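The hints should help you fit chain B onto chain A, whose structure is shown.
Residue numbers (full-length UniProt numbering), protein chains in the order written: chain A, 1 to 352; chain B, 1 to 110.
Do not take every clue at face value.
Unchecked claim - Derived lysine-lysine pairs resembling DSS-like cross-links, with alpha carbons at most 30 angstroms apart:
#	chain 1	residue 1	chain 2	residue 2
1	B	LYS8	A	LYS129
2	A	LYS265	B	LYS8
3	A	LYS295	B	LYS8
Quick caveat, the hints were computed from the structure, so don't treat them as lab data.
Only a predicted model underlies this, so the values are computations on that prediction, with no experimental measurement involved.
Listed here are the chains, written in short residue letters.
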Amino acid sequence: MIETDIVIIGAGPTGLFAVFEAGLLQMKCHIIDALPQPGGQLAELYPKKPIFDIPGYPEVLAGDLVNNLMEQIKQFQPGFTLGETAETIDKLEDDTFVVTTKEGTKHKAKAVAIAGGLGTFEPRKPVLKDIEFYELEDRGVDYFVKDPEKYRDKNIVIAGGGDSALDWSVFLSNVAKSVTLVHRRNEFRGALDSVEKVKELKDVGKIKLITPAEVVGFNGSERITAVDIEINGARMNVECDYFIPLFGLTPKLGPIADWGLEIEKNAIKVNNALDYQTNIDGIYAIGDVNTYPGKLKLILCGFHEATLMCQSVYNRINPGKRYVLKYTTVSGVDGFDGTRKEAEKAVVKAIE
Amino acid sequence: MAQDVNIKITDRNGVTHEVLAPTDMNMNLMELIRSYELAEEGTLGICGGMAMCASCQVYILNDVVPIDRNPDEEAMLDEAYHVQPNSRLGCQIPITENLEGLAIQIALEQ
Numbered sequence: 001m002i003e004t005d006i007v008i009i010g011a012g013p014t015g016l017f018a019v020f021e022a023g024l025l026q027m028k029c030h031i032i033d034a035l036p037q038p039g040g041q042l043a044e045l046y047p048k049k050p051i052f053d054i055p056g057y058p059e060v061l062a063g064d065l066v067n068n069l070m071e072q073i074k075q076f077q078p079g080f081t082l083g084e085t086a087e088t089i090d091k092l093e094d095d096t097f098v099v100t101t102k103e104g105t106k107h108k109a110k111a112v113a114i115a116g117g118l119g120t121f122e123p124r125k126p127v128l129k130d131i132e133f134y135e136l137e138d139r140g141v142d143y144f145v146k147d148p149e150k151y152r153d154k155n156i157v158i159a160g161g162g163d164s165a166l167d168w169s170v171f172l173s174n175v176a177k178s179v180t181l182v183h184r185r186n187e188f189r190g191a192l193d194s195v196e197k198v199k200e201l202k203d204v205g206k207i208k209l210i211t212p213a214e215v216v217g218f219n220g221s222e223r224i225t226a227v228d229i230e231i232n233g234a235r236m237n238v239e240c241d242y243f244i245p246l247f248g249l250t251p252k253l254g255p256i257a258d259w260g261l262e263i264e265k266n267a268i269k270v271n272n273a274l275d276y277q278t279n280i281d282g283i284y285a286i287g288d289v290n291t292y293p294g295k296l297k298l299i300l301c302g303f304h305e306a307t308l309m310c311q312s313v314y315n316r317i318n319p320g321k322r323y324v325l326k327y328t329t330v331s332g333v334d335g336f337d338g339t340r341k342e343a344e345k346a347v348v349k350a351i352e
Numbered sequence: 001m002a003q004d005v006n007i008k009i010t011d012r013n014g015v016t017h018e019v020l021a022p023t024d025m026n027m028n029l030m031e032l033i034r035s036y037e038l039a040e041e042g043t044l045g046i047c048g049g050m051a052m053c054a055s056c057q058v059y060i061l062n063d064v065v066p067i068d069r070n071p072d073e074e075a076m077l078d079e080a081y082h083v084q085p086n087s088r089l090g091c092q093i094p095i096t097e098n099l100e101g102l103a104i105q106i107a108l109e110q
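Chain A extracted, bound-state conformation (with noise of 0.2 angstroms):
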C-alpha cells in the first residue's frame, strides 16, 4: 500500500502544480494518471503547441511547461502510478481514503484531489470485428506502448498518422522483428523530423509503409496471428503478434462519475468560495474537471485552485495548527530531499 499526504488523480499541469503547494507546506503527494507519462493534456495533444497565457512566460511550448513543473516539484519528491486508472475510492474510519486503480495498485492519503481535466484519456478504437476479444489478456491489441520489452523480437502493425503512429513506428523499429506501419492517407500529421525519420527507416527496410490503407480485420482464435489490411479496395494479408492502433484519445469522466460525488455537465461540482472540495469531506477537485458559478477552464485558474485547496487540506490533517502565508522569497523552499532554496541574503555595510 503507498501511503502519502494527498493522493492526486491526475498528472496534468494543476495536478503538478498541487505537488509544488503541498510541498510548500511539507505535505507529500502521489499522483495517479491513466496515461504512460505525465502532463496530461498538454502531453497528450498538443506538446509542441505554445501557450500564452501562463504568467511570465510570454510563449511557452505545452512540453516544456511540462517539463518545467516536473523540475519544479522534483524537489518534493512525489511518487507516481502511471498508467493505471484510478477506480474506486474508500473512506475509512480514520477519515483517510483508499484509492485503488484497476490493476489493484493501492494508495492511502488524509485527503484526494481530482485533477483529471477532462477525464481520463481513453484510446479511440477503430470500429472493428471482434476487437474486444483481442484487447483482453494480451491477445494481441494493445492502445498504448507501456513496456517496448514487449514487442522484442516480435512482428508488429502500428495503424495511425500522428505523432505516436510515427514515434513508437521508429522506436519499435529498433525492438521488434519487423514494424509495418498503416495509414489512410499517404500523408502524416506528426512533426517533420518523424515523418522523414519514418521515410529513413523505410528505405532501409526497418519499417514497412502501407499507404493509403486501413486494417479492416483478424485473423487468429487465441490470439491475433495476422491482420487484414484493405489498400486500394484489395485485401492483403499481414502476420503480427501485435496491432498497435493509435487514433488519439478521447476523454471520458470514466470510474470517478460513481464516486457519489455531484456532477453537473461532466463536471464535479466544488464549493468555490472556500477550498474547492466536493460534497464529500476530503475530497477535493481542482482544475477543468470541476464546475462552480463563474468557472473559467484556464491553466492558470488550476494552479490558483490547487493553492487554495493544499491550505485547505493542511487545515485537515493539522486541526487548530495556525498557519502563516508565507512568501518562498522570504523563507525559501525546503525539498523533501535535504535540499534548500532561498534567496541570497544582502550584505549590509556600515557607511563610514
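Relative to the frame of chain A, chain B by itself:
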C-alpha cells in the same frame, strides 16, 4: 459595423437551433456551438480548437461555404470517425459575414 449572422445548427439529438453568431469576436464555429451549449460539456472542442481531436466535426448542409478543408483539418478528419464528404472541423471555420444562412449538423461524438 460588423453584422451578426444567422446560422442553423442541428445538435446531436436532431434538434435544429437558429442562432445569431457575432462576426466581430474572432470566434469559430466550434466556439459558437460551445457558447450556445449545443453539445454536452466536455464532448466538443476538446483540444481547444487546434484541429487535433476532431471532436468538433460538423456536416455542412448547404452551399453557403465551400467544403475546402485546410491540410491540418484534412489530416485530422482522416483519422476521425463518422466522416462524410461534407465534413469539416468547426474549429477551422471562422465566423465571418459570409456565413449568413449557413446550416450545419454536429457529427456524433468521437
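Against the structure, the hints:
{"no.": "1", "hint": "B:LYS8 / A:LYS129", "result": "violated, 36 angstroms"}
{"no.": "2", "hint": "A:LYS265 / B:LYS8", "result": "holds, 24 angstroms"}
{"no.": "3", "hint": "A:LYS295 / B:LYS8", "result": "holds, 28 angstroms"}
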